[in-house]
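Asks: Now for the letters of each chain:
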Amino acid sequence: MTNIYSTAAEMAAALDKKEITSVELTKAHLERISAVDGKLNAFLHVDNQGALEQAAAVDAKRAKGESLSPLAGVPIAVKDILAQKGIPTTAGSKILEGWRPPYDSTVVAKLKAAGVVILGKTNMDEFAMGSSTENSAYGTTQNPWDLTRTPGGSSGGSAAAVAGFEAPLAIGTDTGGSIRQPAALTGIVGVKPTYGGVSRYGVIAYSSSLDQVGPFARTVLDTALLHEAIAGHDERDSTSIDAPVPQVVAAAKRLDVKGMKIGVIKELSGSGFQAGVSARINESIELLVAAGAEIVEVSCPNFEYALAAYYLIAPSEASSNLARFDSMRYGLRVGDDGSKGAEEVMSATREAGFGKEVKRRIILGTYALSSGYYDAYYGSAQKVRTLVKRDFENAFTKADVLISPVTPTTAFKIGEKSNDPVAMYLSDIATIPVNMAGIGGMSLPVGLADEDGLPVGLQIMAPFMKDDLFYRVGGTLEAALLSKWGKPILSNAPDLAVK
Amino acid sequence: MTLDYAAATNKYEPTLGLEVHVELNTNSKMFCSCATEFGASPNTQTCPVCLGLPGALPVVNGKAIESTILIGLALNCSIAPYSRFARKNYFYPDMPKNFQTSQYDEPICVDGYLDVEIETDEGPKTFRVDIERVHMEEDTGKSLHVGGSTGRIHGAEYSLLDYNRAGIPLVEIVTRIIPGTGKYAPQVARAYVTQLRDILRSLGVSDVKMEQGSLRCDANVSLAPIGSGLLGTRSETKNVNSLRSVERALTGEIERQANRLEAGMRIIQETRHFLEESGLTRPGRSKEQAEDYRYFPEPDLVPVTPDAKWIEELRAKLPENPADRRKRLQKEWNVPDSEMNSLINAELVDVVEETIKLGAEPTRARTWWLGEISRLANEKEVAPTTLISTAFVAEIIALITSGDLTDKLARQVVEGVVNGEGSPKEVIEKRGLKVVSDDSALMVAIEAAIAAQPDTAERIRGGNIPAAGALIGAVMKATGGQADAAKVRELLLKHLGQG
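Sequence order for the protein chains is A and B.
Add 52 to the 1-based position in the first sequence for our numbering, that's all there is to it.
Add 56 to the 1-based position in the second sequence for our numbering, that's all there is to it.
Among these hints, one or two may not hold up.
Claimed, not checked - In silico negatives: residues of chain A with every beta carbon more than 12 Å from chain B:
| id | residue |
| --- | --- |
| 1 | Asn55 |
| 2 | Glu62 |
| 3 | Ala257 |
| 4 | Met312 |
| 5 | Glu319 |
| 6 | Gly324 |
| 7 | Glu356 |
| 8 | Ser422 |
| 9 | Leu500 |
Claimed, not checked - DEER-style ranges, computed between Cβ atoms:
| id | chain 1 | residue 1 | chain 2 | residue 2 | range |
| --- | --- | --- | --- | --- | --- |
| 10 | A | Gly431 | B | Ser134 | 22 to 28 Å |
| 11 | B | Glu369 | A | Ser423 | 51 to 57 Å |
| 12 | A | Ala404 | B | Pro339 | 34 to 40 Å |
| 13 | B | Thr361 | A | Gly424 | 51 to 57 Å |
| 14 | B | Gly118 | A | Asn544 | 52 to 58 Å |
| 15 | A | Gly431 | B | Glu178 | 22 to 28 Å |
| 16 | A | Lys313 | B | Ser134 | 43 to 49 Å |
| 17 | A | Glu403 | B | Arg316 | 40 to 46 Å |
| 18 | B | Thr361 | A | Leu439 | 49 to 55 Å |
Hints listed in this document are in silico derivations from the structure and should not be mistaken for laboratory results.
From a predicted model like this one, the values you see are computed outputs, not experimental measurements.
All residues carry an ideal CB built from backbone N, CA and C; glycine is no exception.
From just these sequences and the hints, can you work out the full model?
Replies: Rendered as structure tokens:
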């Protein structure tokens with residue numbers, strides 16, 4: 053029986069066999085959203101009518117026997133940072149309140165073309181700046197595992213929607229870990245594809261050289277199906293790669309790692325990581341060895357500078373990317389009473405429209421790019437970026453993929469780190485190097501930490517445009533974990549509907 | 057006691073620096089596919105990219121790169137194998153992203169020169185103007201400030217914004233400082249801009265219309281006491297909308313600066329605005345405090361890496377330098393400066409050359425284009441080249457040369473062609489404009505004329521050759537003007553024993 057707890061692949065198969073219609077499936081998810089989203093606050097906008105219309109259109113096509121994409125009729129949640137024509141798109145910021153884009157981002161256009169039913173837009177840290185969704189101007193999202201905890205961020209709404217069975221699939225963006233970290237904290241799969249693997253056209257930019265769109269799902273195969281649906285070259289994005297999309301679906305189904313070399317990054321293990329996190333990672337390593345992989349230890353000595361460099365590069369680019377929010381053409385306008393000049397109105401709008409963390413990063417980035425400081429800050433950070441890239445290149449001469457924990461800890465309490473930006477920034481220490489190098493990485497749920505019963509994520513990283521490799525390893529490990537635990541990790545989460 | 061221009065340049069040595077902005081005539085904008093047509097209704101040629109909407113991304117126009125490389129090659133520049141775009145960050149309401157995508161420290165063309173010739177007291181003299189760089193950027197939108205007295209943003213009641221121009225490809229051509237021009241500085245500047253305009257026109261990369269702003273010149277000048285070896289503080293004059301204005305603006309600015317220096321005042325580093333009516337400049341924006349544009353490499357665009365082979369192909373395609381070509385043609389045609397200048401000013405050099413190439417006799421080609429065709433064009437207020445094709449002109453001239461048409465008949469043929477009566481052949485046919493060259497037919501008319509004026513005939517027989525005019529006139533009248541007067545004269549004189 054197909055229901056909201058099924059995987060996307062199961063839903064797609066049931067739709068294909070006409071055991072269920074997309075309208076039924078979509079309605080079930082819309083009902084789930086209205087039942088539980090009061091607790092989660094995963095959605096900023098639910099498009100009931102649009103979703104049902106889209107579902108009906110897919111059903112009609114199927115009834116006519118038209119050939120459909122693999123995920124046609126399956127619902128999805130989209131992070132509110134992707135432009136969707138006519139649908140409110142805020143990037144979690146007050147400054148974009150009321151803006152309805154006149155165009156579709158490439159990823160949204162691809163989803164629509166594939167018949168994937170868009171349920172609505174999900175909550176996020178304002179402009180993707182944050183690791184907990186606490187920086188959203190529209191209230192924080194709660195973790196389905198424990199409503200007093202954060203689902204991580206910045207794509208926390210998308211992760212919570214999938215973990216809370218409001219949607220089987222979701223789109224997120226990952227600039228320093230914003231897909232992988234919330235996936236880890238909510239016990240689902242999240243992938244940051246290779247930079248340039250998925251078009252950024254229509255994705256409101258935070259840090260252009262680091263931002264990447266990616267999939268969330270509850271299984272490796274579902275994640276791969278969504279990955280293939282959104283990936284590929286886009287002539288509207290100069291940085292998108294003009295090469296065939298890695299065969300991630302085939303890789304997810306391969307379930308074989310015999311002879312693969314898996315590198316454990318020395319600098320991302322041991323002290324600094326919660327004991328329960330390290331324990332689950334070590335178990336996973338044993339399972340991979342049992343499946344025939346070879347484990348090697350690799351060293352990435354420059355990773356220790358990656359976090360500091362990230363907090364120069366990302367804010368620098370953000371300070372420029374966010375300059376366009378000036379109240380002139382769209383979004384919020386404050387204080388325009390006819391007596392004030394353009395600059396005064398812009399200033400008042402930005403004061404009221406940008407949150408604290410966004411202002412912090414704009415100021416940080418403006419400073420880092422200033423003449424006289426550029427070389428010391430932005431320039432040095434770019435050098436670190438090159439060194440991090442080189443660390444990965446060296447490591448990949450010794451191993452096919454690399455692994456580490458996704459986060460130092462399991463999901464933290466709401467409010468726990470919101471007044472300590474550096475503690476919050478450290479939450480992304482293991483994910484940032486991947487963005488700096490432009491490669492891809494997966495967050496795979498590998499069990500629950502003994503001390504708090506919360507999910508733990510394993511990060512699998514592969515060389516540039518070899519995203520299929522982490523799907524291959526992730527799929528194999530997922531199967532091994534399933535037979536070890538006897539049921540999916542997510543089935544340990546409390547059922548929100550009955551609470 | 058104020059210094060006039062002569063006194064000013066007797067005492068002070070001007071140093072020039074010229075920045076020319078050229079709007080390329082590509083069909084689409086620099087970073088999007090919007091149309092670039094001049095004069096369209098406000099904001100009708102815009103899209104998410106050139107409006108800077110959240111999420112939109114730029115893609116470089118390949119044609120613009122080609123045009124810029126052509127300009128660089130024509131100005132003897134090296135073409136960089138690797139160049140990048142950068143963001144120039146500053147706020148202005150007509151700049152949609154609040155940064156301009158431009159090239160900064162990695163321009164596409166560097167280190168060129170242009171030799172310009174001017175008339176001096178000692179005869180023609182050539183100055184070499186060194187080109188520092190040629191780079192690509194995007195134009196801004198246009199503001200119309202309404203309600204203020206000055207048309208400037210300060211004091212305006214409100215402002216209207218038109219983004220049609222936003223994103224139009226611009227090429228900026230920057231000279232190094234041009235020393236040693238002495239009192240000829242304004243002429244050198246004018247000659248430079250003129251030659252540059254001619255080169256750009258010959259390359260076909262821009263409309264080069266200064267009055268429409270597709271060619272704009274910012275003229276920098278500073279003064280220092282002659283022989284001091286010093287470099288004074290410069291001003292930068294903008295709004296110079298014609299070649300004549302380049303010369304006037306610099307003359308006025310040199311005079312102004314000299315008089316300030318004479319009065320013991322310092323020159324303020326600022327932009328100045330040229331006032332067409334008075335020939336004076338008024339102060340604009342101060343540049344005393346260098347503005348910090350926080351340049352950094354544009355992360356949304358990949359570097360420009362033109363293929364060496366492609367560059368050589370473009371180099372092979374370069375048209376002859378217009379100045380060299382003019383000299384060559386003037387020599388080939390053996391015409392005085394005054395006539396050459398008339399052809400240049402009337403923009404007829406190309407058509408005359410083409411008409412000659414099609415076999416027309418050179419002197420006739422020039423006289424017909426400059427004379428009858430220009431006269432008709434003047435009447436109709438259009439360009440001569442739009443009236444009639446070079447092939448038709450060549451055909452008509454060939455008929456004159458062969459004696460099949462007289463000048464008078466040919467004028468009627470041209471008129472017929474211009475009026476759309478068909479090809480020269482068809483006009484001759486329809487209007488019956490063939491020269492009467494049948495000797496026996498002419499002899500009948502000549503004998504009739506002699507019979508009518510026997511006294512005149514007698515005087516001619518007696519050696520009074522000029523008296524022949526009256527008889528020739530009578531023959532021409534009798535033949536309706538279709539006889540060749542020279543032929544009539546020859547036959548008449550022979551008949552009367554004077555041949």
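Asks: Take the hints in turn and mark each one as holding or not.
Replies: Each hint tested on the structure:
1. Asn55: holds, 35 Å
2. Glu62: holds, 33 Å
3. Ala257: violated, 7 Å
4. Met312: holds, 32 Å
5. Glu319: Glu319 of chain A clear of chain B: closest Cβ-Cβ about 27 Å, beyond 12 Å.
6. Gly324: holds, 31 Å
7. Glu356: Since the minimum Cβ distance to chain B is about 24 Å, Glu356 of chain A lies beyond 12 Å and the statement holds.
8. Ser422: violated, 6 Å
9. Leu500: holds, 37 Å
10. A:Gly431 x B:Ser134: 22 to 28 Å: Because 26 Å falls inside the window, the suggested range holds.
11. B:Glu369 x A:Ser423: 51 to 57 Å: violated, 40 Å
12. A:Ala404 x B:Pro339: 34 to 40 Å: holds, 36 Å
13. B:Thr361 x A:Gly424: 51 to 57 Å: Cβ of Thr361 of chain B to Cβ of Gly424 of chain A: about 31 Å, so the range 51 to 57 Å is violated.
14. B:Gly118 x A:Asn544: 52 to 58 Å: holds, 55 Å
15. A:Gly431 x B:Glu178: 22 to 28 Å: Because 52 Å falls outside the window, the suggested range is violated.
16. A:Lys313 x B:Ser134: 43 to 49 Å: Taking Cβ atoms as reference, Lys313 of chain A and Ser134 of chain B lie about 47 Å apart, which means the hint holds.
17. A:Glu403 x B:Arg316: 40 to 46 Å: Given a distance of about 42 Å, which is inside 40 to 46 Å, the answer is holds.
18. B:Thr361 x A:Leu439: 49 to 55 Å: For Leu439 of chain A against Thr361 of chain B, whose Cβ atoms are near 24 Å apart, the range 49 to 55 Å is violated.
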